[in-house]
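Engineer: Generate the whole structure from the sequences, applying the supplied hints.
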Amino acid sequence: MIDHIYISVSDVKKSLKFYLEALKPLGWREFGAYDSSTGPEGVPDLYGLGDAQYMKNPGSGSSIWLRQRQKGETGLYVGIHANSTKEVEAAYAAALKAEGKDEGAPAERTYFARGYYAANIADFDGNHIEFVYKDF
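What the sequence shown shows, in the working numbering, is residues 1 to 136, in sequence order.
It is worth saying that the hints were derived from the structure and are not from the lab. Keep in mind the model is a prediction, meaning the values are calculated, not measured. A hint or two may mislead.
[As the list claims (entries may be wrong)] Capping the alpha-carbon separation at 30 Å, the derived lysine-lysine pairs in DSSO-like fashion look like this:
| id | residue 1 | residue 2 |
| --- | --- | --- |
| 1 | 97 | 24 |
| 2 | 17 | 56 |
| 3 | 134 | 86 |
| 4 | 71 | 134 |
[Claimed, not checked] DEER-style ranges, computed between Cβ atoms:
| id | residue 1 | residue 2 | range |
| --- | --- | --- | --- |
| 5 | 134 | 37 | 28 to 34 Å |
| 6 | 104 | 5 | 28 to 34 Å |
| 7 | 14 | 105 | 38 to 44 Å |
| 8 | 113 | 42 | 19 to 25 Å |
| 9 | 114 | 83 | 14 to 20 Å |
| 10 | 77 | 107 | 25 to 31 Å |
Positions of the beta carbon are idealized from the N, C-alpha and C atoms, including for glycine.
Structural biologist: Encoded structure:
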């Protein structure tokens, strides 16, 4: 589980579609946008996705906020918790279908720990995602 992250992307609409499809098997949903014109200077427009817990209670769970990438920004790596190996596999398959780039098929990663099962994907902006289930 994560609390929240910001991901800077080159195409918000395309990225929102990608993340919605890739995270759908894990129970994530789009929950709205933050209009920067209503907030402090320097805070960009943000587009939110939340996990099942966040959707029940925004004070808990995890969220991801997409924002338009500005010149000089770089990609991101984030690990996202799954509840089973089947969820890892489903998220990996959905991410590939949504035009993600394979960076490691679902498998146990014993070099991290016994029971550490993960798959790795990159989106089209070079952000790296690891779907992970820890059976320990």
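Engineer: Each of the hints needs a verdict: does it hold here or not?
Structural biologist: We went through each hint and held it up to the structure:
no.: 1; hint: 97 / 24; in the structure: holds, 12 Å
no.: 2; hint: 17 / 56; in the structure: holds, 22 Å
no.: 3; hint: 134 / 86; in the structure: holds, 12 Å
no.: 4; hint: 71 / 134; in the structure: violated, 37 Å
no.: 5; hint: 134 / 37: 28 to 34 Å; in the structure: violated, 41 Å
no.: 6; hint: 104 / 5: 28 to 34 Å; in the structure: violated, 20 Å
no.: 7; hint: 14 / 105: 38 to 44 Å; in the structure: violated, 24 Å
no.: 8; hint: 113 / 42: 19 to 25 Å; in the structure: violated, 40 Å
no.: 9; hint: 114 / 83: 14 to 20 Å; in the structure: holds, 18 Å
no.: 10; hint: 77 / 107: 25 to 31 Å; in the structure: violated, 18 Å
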